[in-house]
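**Student:** Chains as they are written, first to last, in the numbering used here: chain A, 717 to 905; chain B, 717 to 905; chain C, 717 to 905; chain D, 316 to 760; chain E, 316 to 760; chain F, 316 to 760.
Just so you know, the hints here were simulated from the structure itself, not pulled from any lab data.
All of these numbers come straight from a predicted model, not from anything done at the bench.
One or more of the hints may lead you astray.
As the list claims (entries may be wrong) - Simulated crosslink set (DSSO-like; lysine-lysine; CA at most 30 Å straight-line):
hint : chain 1 : residue 1 : chain 2 : residue 2
1    : E       : Lys436    : C       : Lys802
2    : A       : Lys802    : F       : Lys383
3    : D       : Lys383    : B       : Lys802
4    : C       : Lys735    : C       : Lys802
5    : D       : Lys523    : E       : Lys440
6    : E       : Lys661    : C       : Lys843
7    : C       : Lys735    : B       : Lys802
8    : E       : Lys523    : F       : Lys440
9    : A       : Lys843    : F       : Lys501
10   : D       : Lys501    : D       : Lys347
11   : F       : Lys440    : D       : Lys436
12   : F       : Lys523    : D       : Lys440
13   : A       : Lys735    : C       : Lys802
14   : F       : Lys440    : D       : Lys501
15   : D       : Lys523    : E       : Lys523
16   : D       : Lys383    : D       : Lys347
17   : E       : Lys501    : D       : Lys501
18   : F       : Lys436    : A       : Lys802
19   : B       : Lys802    : A       : Lys802
20   : E       : Lys440    : C       : Lys802
21   : E       : Lys501    : E       : Lys523
22   : F       : Lys436    : F       : Lys523
23   : F       : Lys523    : E       : Lys523
24   : E       : Lys501    : F       : Lys501
25   : B       : Lys843    : D       : Lys654
26   : D       : Lys436    : B       : Lys802
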Amino acid sequence: MATTIATEHTSVIVGTQDKPLCDFETHWGVTQFLTREAELLDGWRYREWAEMITDDFNYGIPVPVTRDDPGRPQYGDETYLVEETKASLDLWVRRYDNDVFEFAWGENPLQRTRRYLSNIRVREGDKAGEYEVRTNEILAFTRQSDPTILTTCLRVDTLRRDGESWRVARRRVYLDQNIHHLTHLRLVF
Amino acid sequence: MATTIATEHTSVIVGTQDKPLCDFETHWGVTQFLTREAELLDGWRYREWAEMITDDFNYGIPVPVTRDDPGRPQYGDETYLVEETKASLDLWVRRYDNDVFEFAWGENPLQRTRRYLSNIRVREGDKAGEYEVRTNEILAFTRQSDPTILTTCLRVDTLRRDGESWRVARRRVYLDQNIHHLTHLRLVF
Amino acid sequence: MATTIATEHTSVIVGTQDKPLCDFETHWGVTQFLTREAELLDGWRYREWAEMITDDFNYGIPVPVTRDDPGRPQYGDETYLVEETKASLDLWVRRYDNDVFEFAWGENPLQRTRRYLSNIRVREGDKAGEYEVRTNEILAFTRQSDPTILTTCLRVDTLRRDGESWRVARRRVYLDQNIHHLTHLRLVF
Amino acid sequence: MALVDVERALTQRRAYWDPEIHQQELERIFRKSWLFVAHESELAHNGDYVTRRMGSDPVIVVRDEHGKVRVFLNSCPHRGAALCRADMGNTSHFRCSYHGWTFANDGAARGIPEINEVYPKSFDKSAIHLFEVPHVEAYDGLIFANWDEDAPSLQDYLGNFSFYVHALFGKADFEVVGPPMRGIVKTNWKIGVDNYVGDGYHLSTTHKSAIDMGIFETGRESERIGRFSERTPSHCISADNGHGIRVQQMPIEFDTPTFLGWPQRYWDTFTSRLNPDQVEMLQALAVAHGNIFPNASILEALAPHVGSDTFPAAYLHLRQWHPISADTTELWMWCFVPKGMSADEKMGSQRAFLRHLGFGGCFETDDFQNWTSAASNNRSPLTWDFTFNHQGRSVEAGNDVPWPGNVFPVDHTEVNQQNLLRRWHDLMEVAPSNGNGNGHPANGH
Amino acid sequence: MALVDVERALTQRRAYWDPEIHQQELERIFRKSWLFVAHESELAHNGDYVTRRMGSDPVIVVRDEHGKVRVFLNSCPHRGAALCRADMGNTSHFRCSYHGWTFANDGAARGIPEINEVYPKSFDKSAIHLFEVPHVEAYDGLIFANWDEDAPSLQDYLGNFSFYVHALFGKADFEVVGPPMRGIVKTNWKIGVDNYVGDGYHLSTTHKSAIDMGIFETGRESERIGRFSERTPSHCISADNGHGIRVQQMPIEFDTPTFLGWPQRYWDTFTSRLNPDQVEMLQALAVAHGNIFPNASILEALAPHVGSDTFPAAYLHLRQWHPISADTTELWMWCFVPKGMSADEKMGSQRAFLRHLGFGGCFETDDFQNWTSAASNNRSPLTWDFTFNHQGRSVEAGNDVPWPGNVFPVDHTEVNQQNLLRRWHDLMEVAPSNGNGNGHPANGH
Amino acid sequence: MALVDVERALTQRRAYWDPEIHQQELERIFRKSWLFVAHESELAHNGDYVTRRMGSDPVIVVRDEHGKVRVFLNSCPHRGAALCRADMGNTSHFRCSYHGWTFANDGAARGIPEINEVYPKSFDKSAIHLFEVPHVEAYDGLIFANWDEDAPSLQDYLGNFSFYVHALFGKADFEVVGPPMRGIVKTNWKIGVDNYVGDGYHLSTTHKSAIDMGIFETGRESERIGRFSERTPSHCISADNGHGIRVQQMPIEFDTPTFLGWPQRYWDTFTSRLNPDQVEMLQALAVAHGNIFPNASILEALAPHVGSDTFPAAYLHLRQWHPISADTTELWMWCFVPKGMSADEKMGSQRAFLRHLGFGGCFETDDFQNWTSAASNNRSPLTWDFTFNHQGRSVEAGNDVPWPGNVFPVDHTEVNQQNLLRRWHDLMEVAPSNGNGNGHPANGH
Ligand code: FES
Ligand code: FES
Ligand code: FES
Ligand SMILES: [Fe+3]
Ligand SMILES: [Fe+3]
Ligand SMILES: [Fe+3]
């Protein structure tokens, strides 16, 4: 049987994508967690959001690219538009403190952001206690009186159990558009 | 610990946002109810939809505004783009009656509308038997052969138990865009 | 009581729309199935996707039209933009085989597609063992370095039980826009 | 041929849809006219500011530390960054976010960071000033500004139309209900003002569905409170400089001045602030709508039936049609109430306004269908050779009422549009006078 | 230098991508040419109408109460609102939604509401009329309209190309399968007609993937039904006024007239309606595709293999390329079947069409990649100085078949594009003749 | 009046926002200048290609089979389809997807399918060639191309600025970290280069929030490793042909050449590749940022504190501002590292870059607010009459350091912008010299 190109293409960014989807209990817990997380992010409430990530949290938005070789991923290898960890995000969090925020011209007045999470797929991760969650996300970003910019992407998260709840350990954002209209990427998808 | 601006900003439009999310049973009932409600609205079936709201139903779309003071809400106080009650919506419902509809130039031919409800958050309301539901919504509006207009918003509903089912008692729509491309706001989000 | 135009309008494309929504177990199974299906389609993995449809699968995108008579459907009768069956889709599937794909100028490099499924409504179908599923869908389509095109539609599926799982037996896509910006309709919504 | 055939009341459609005409309008109309920028209640305290448009340009309207209202281009004189990013606020100075130049709210440069390191000795800080609109004046709380150094006074510009503006906005101290509503309407700005300056003719067709549902039904009460009047119920008035208004009264009269829809405790104030002719004009007023040339439309109306959850109420409205491109208008809308209203009264007046003329009102969706389809269906040069027809004029102006301007005792006519287009024609056909070819005061530095 | 170097068959790219050339085309090509507007089966009954485009302008095509087809600008002569908001319908009159002017479906004003209150006595209602396209004619069910008062008849305009149009559309009574499909293609309209008028050359490359998958494999049956023919299988015909067609036949011949892919019961009708040359041209037809200048492309083809769920079938197609801007084309597509087909036959023909040329067909996605990339990659003045090359012309026209026009016995060539561009050149290089500089008939009022 | 008043250092805002000026720039600036197209590490092997822009035009940059780098318009000479659909790849030839013309990667036509069937005997295949940019040269790995046949050599064009380019890009063999980042910034391209060529003045205001959070805090270590230096810490250098750079050093000096932020094992290489003046310039370098006229900005900087998850690191950056329209710029960004870095070192340098200047960096969101608001708030002809002010020039050039160009011993000044705008003025005010009015080499065929 002929191998399809498409399979090769997607598999490279996919990891655990072909594992079975998890049971309902886990799905319910995860979706409620992610919904709440998005609510905090919609409100730029980074300080509270920081309680929902692990200490080794890593966040990356790889550079999208169109290669002529469909067998290679359509994103840069270890090349990012944004790459942060819990430690470095401290510089994001503090930007919303009152004394700093006054001079944060690019954030003040606060933009309106709204996350739309769809097609959430929860699967066991490679390590015990870890889950990989794929989400088709739309981020709506509205600055001052400008028109809203809608950005579509595949979000791949690694979640880790934390007692009754969860923490996000890793987030990768695969943007669909090569040339970004949303150039304010100082935000967590 | 420094208070973040963001928290102040969002709290003003938020009410019960930080209460815990409700249990699955309630969530399931509410989402099915809202899904069906959106289906009727997508079809402009106002007369049947009117059965799903309370007699004291109140609907409002506050005026969005960018203030320089991030501590105040980015919406007008008691100033609306649209403000209706069950009683006044009678003028909307009757507009689709055959004899009136013929001359309802702005509705006829009917536009296509489609609602996308995401990130539904159900929480107990301030009064017993009431639930507050937050939804990230996209409304797609398509008139004649024009391109579809997508409008993003936060929708905050108050739902009230009605036996096995629910009724909507209050709806507030916080639009993201200050200057509206969707100027046909004679619709229920 | 006056009959509303809106009811007439929507009913014609609606079939079983006013049956009660199904129980949670069915809903959960169906949404997980459709989510996985969309994941395969997002990756252009047609060969694997073909395992998820019935042998009598039929796919159609009716021609949208604005009629002056609101009592008639706003889509052509038996007139399609796309009309395929499992048998004919073989010509789609094979297009991604390595030897063919090299010359499939319109597909290579692969576009990025992303499906957003919302407001999923599952109801018993007209035949035993069949379910009718309505989905408000957004399809994001991104070609090379072009801006993403978002296409909104109502998707009406007929699903059939297949042991523990499901198969799609029929799909109708009711596009909102009359004049398409997404002219690459060689895809499954 | 001129775009407007004044004699025959025909206007080439290209006057509306040709992008080059739009550019000319920015120069010849919007740089030369008094433009509404804000209401005084929006600038209650020193330092209060709002950001607005004049033509298509963003401006800041601010009450300075001495209480004087000033208008500045919202762009730094250094290298153009925005000075205000919000729609409204309060500040004693504007600090540019690029290099930190700061300006007092009277426009004078306050701080030029590192001025000695960066600039030569010859650099004259005192010459640095925000780009300021040379003339700012108010009438009855309505603040206007004019870029033209040689502009007449606002009073002269309003001319005999001030009678009508005062009748609407001068009868009490009004305040805005809240920040303005804003939307993009895909049509030419003149389509809107053409309608507001005096198009009563479209009501029975465009708004038939609303009328049929009873939106204008006055109910028994209002009939009970007066008696039948023989006065001519409707007038269209073509005033100076292209301004115009249509006034429709119900055939009712009263023993004492009565302002239907406004709380009774305001009636004495209204009467005392107006002259008897103005009072008479407002008796049993159904609607008065007009336009201050070029793009500030005003409207007062009674909403007898907009829902059983509310009461018959009057409302006062101003809307502005900003010319963004030939087929794109940014529409801003304000609702005004007399100061001192209770929350319920305020909501009653707001409901009356919103349910008539808001973006979800019973009128606007039908109006927009007309206005936007005129744009989408007249997009090519072929259609631009066709004309719009404003020949409605069945009677000439008379003097059945002692009101200023050319008063036509008729409800449905196009005389006000003729008057408006004549003014437009006069400004457009005159080539700009100053040397740089665009009529702009040389206040760059 | 002229945009088209007719001798060397080189055309400056600015002819395609410069917005000014686009505006000139609207004046010089689309106001002066016969443009397809509808098929008669879309207007079966009196009062039936469809809304369409001529160039970039929206028009109404209606069969009036006397059965005559008329074409009007879809914009009220009063103040421009749309008269029809739907794509299709039936009405005895058009009522404008703005002020309610109504027009019979022959364009004459019927009702002017409140005419006596609003208009002067001198106002002549009988002079009010929808803006009507002066010439409307049909050929074999295809309705065309022409804004040019001095236009030749449609028959004269088609000239010797009517032979081919008749062979496709006149061999039976056809009807449309349904409302047209519409999409926005980001390229210039001429890129599309250039392809349809005769570009057989691109098939083996552009459509290689489809061909490799067997889209043209005829299977055993069609071979069985005829015998090998020695005729020249392919011809490209450059006809009058820029029209052109490419005809490709399979090397098979039959004892009696045979129209592969069409149900056999129609064959007698086809034969009786056509002359022998036309019959011969359609024997074992693989594909015939051409263009009626400027923008109505026609195509008949056999689809031998578009899925094992269906049978080999022929289809008849017309597509129109509306010039919206220099790099934006609104593409409308119709599929036709002879009247009287069963539902299965109809679906077979529709499937054949859709799976070849529909928006999801195996051909279009590859074609679009070529056409839209030509637009996106030639966007600056620098590229506009480069040329497009249409030098393909290996043989001269001959007379191996008795068909009209310059008949080139070759499958892959660019002679038809040369012919099309020569016509385009002739129209574009001539300055418009009438006084107002834009060639428009003065039927404003 | 000229757009740039060179004497007074005032530029009319229309130079930035008027669409006609934008078209002129494409002709007079971007067709006449050396434009950056790629870094040699992106084309490591023969056949490697990337697709890029020159001005607003898409081009292919390819290393041909003989190792020579060539630049072609990404549009087929036949009828314009794109030749490459990907951003990068490797190929020995380009095959057009429309009619299959193929070209060797040196631009020569290889295959013209069916050439004998389609084309006349006179058709000269050897004359068919991709549209090739006549001049392509590299300097220190940076590849530039120039459409102007009469262009000076790249070396001559860089002139005395090559000293600075070499100091940044010539001190080692660099490679790109990955494919470039790309975004649309809604402003004019000159706003960006104006900033990068030497605007140190905006830092303390625009980037106050980042600075307050400690982004420039060097910590104890870097202080420990050197001793206080008396050298003038900052210089702005206006170089030949509009190029310019700002160099800021920390007041530290070392016994041996020290390149803070770069791994120590590279220091010897750096020193050996540079001359002593260049070495001196890079000692304790805080930041050097400049612009190669017209639109290639370069930057090297030390990022002492961008997160406790990483270490102080230097980074090397190039960004290009492509002029898409008057108010739209496509911004492309590359990050470079010396070959041979470990994955950790590479990530350290990438982090330093991204967290400073990436789309999520601490600087860009604030810069974008300035740059885009200058566009949105200067959109009408009224504002175009105002000027931008570049009068900052407190001292004249001196010779406190032996570096080429006019070296101003000052940190915050606008001399480099003056120099850049003077060059822009010189090119724009000269009418194009060749006959076709647009300065384009006649390499169409
Ligand atoms: S642009 Fe305002 S201070 Fe420089
Ligand atoms: S615009 Fe049609 S009746 Fe006035
Ligand atoms: S366009 Fe490239 S081969 Fe014809
Ligand atoms: Fe109205
Ligand atoms: Fe093709
Ligand atoms: Fe900066």
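**Student:** Look at each hint and say if it fits the structure.
**Tutor:** Verification of the supplied hints:
{"no.": "1", "hint": "Lys436/E x Lys802/C", "verdict": "violated, 70 Å"}
{"no.": "2", "hint": "Lys802/A x Lys383/F", "verdict": "violated, 46 Å"}
{"no.": "3", "hint": "Lys383/D x Lys802/B", "verdict": "violated, 46 Å"}
{"no.": "4", "hint": "Lys735/C x Lys802/C", "verdict": "holds, 29 Å"}
{"no.": "5", "hint": "Lys523/D x Lys440/E", "verdict": "holds, 24 Å"}
{"no.": "6", "hint": "Lys661/E x Lys843/C", "verdict": "holds, 28 Å"}
{"no.": "7", "hint": "Lys735/C x Lys802/B", "verdict": "holds, 26 Å"}
{"no.": "8", "hint": "Lys523/E x Lys440/F", "verdict": "holds, 24 Å"}
{"no.": "9", "hint": "Lys843/A x Lys501/F", "verdict": "violated, 44 Å"}
{"no.": "10", "hint": "Lys501/D x Lys347/D", "verdict": "holds, 25 Å"}
{"no.": "11", "hint": "Lys440/F x Lys436/D", "verdict": "violated, 67 Å"}
{"no.": "12", "hint": "Lys523/F x Lys440/D", "verdict": "holds, 24 Å"}
{"no.": "13", "hint": "Lys735/A x Lys802/C", "verdict": "holds, 26 Å"}
{"no.": "14", "hint": "Lys440/F x Lys501/D", "verdict": "violated, 52 Å"}
{"no.": "15", "hint": "Lys523/D x Lys523/E", "verdict": "violated, 59 Å"}
{"no.": "16", "hint": "Lys383/D x Lys347/D", "verdict": "holds, 22 Å"}
{"no.": "17", "hint": "Lys501/E x Lys501/D", "verdict": "holds, 22 Å"}
{"no.": "18", "hint": "Lys436/F x Lys802/A", "verdict": "violated, 70 Å"}
{"no.": "19", "hint": "Lys802/B x Lys802/A", "verdict": "violated, 49 Å"}
{"no.": "20", "hint": "Lys440/E x Lys802/C", "verdict": "violated, 61 Å"}
{"no.": "21", "hint": "Lys501/E x Lys523/E", "verdict": "holds, 23 Å"}
{"no.": "22", "hint": "Lys436/F x Lys523/F", "verdict": "violated, 71 Å"}
{"no.": "23", "hint": "Lys523/F x Lys523/E", "verdict": "violated, 59 Å"}
{"no.": "24", "hint": "Lys501/E x Lys501/F", "verdict": "holds, 22 Å"}
{"no.": "25", "hint": "Lys843/B x Lys654/D", "verdict": "violated, 35 Å"}
{"no.": "26", "hint": "Lys436/D x Lys802/B", "verdict": "violated, 70 Å"}
Checked against the numbered hints given earlier, the structure breaks hints 1, 2, 3, 9, 11, 14, 15, 18, 19, 20, 22, 23, 25, 26 and satisfies all the rest.
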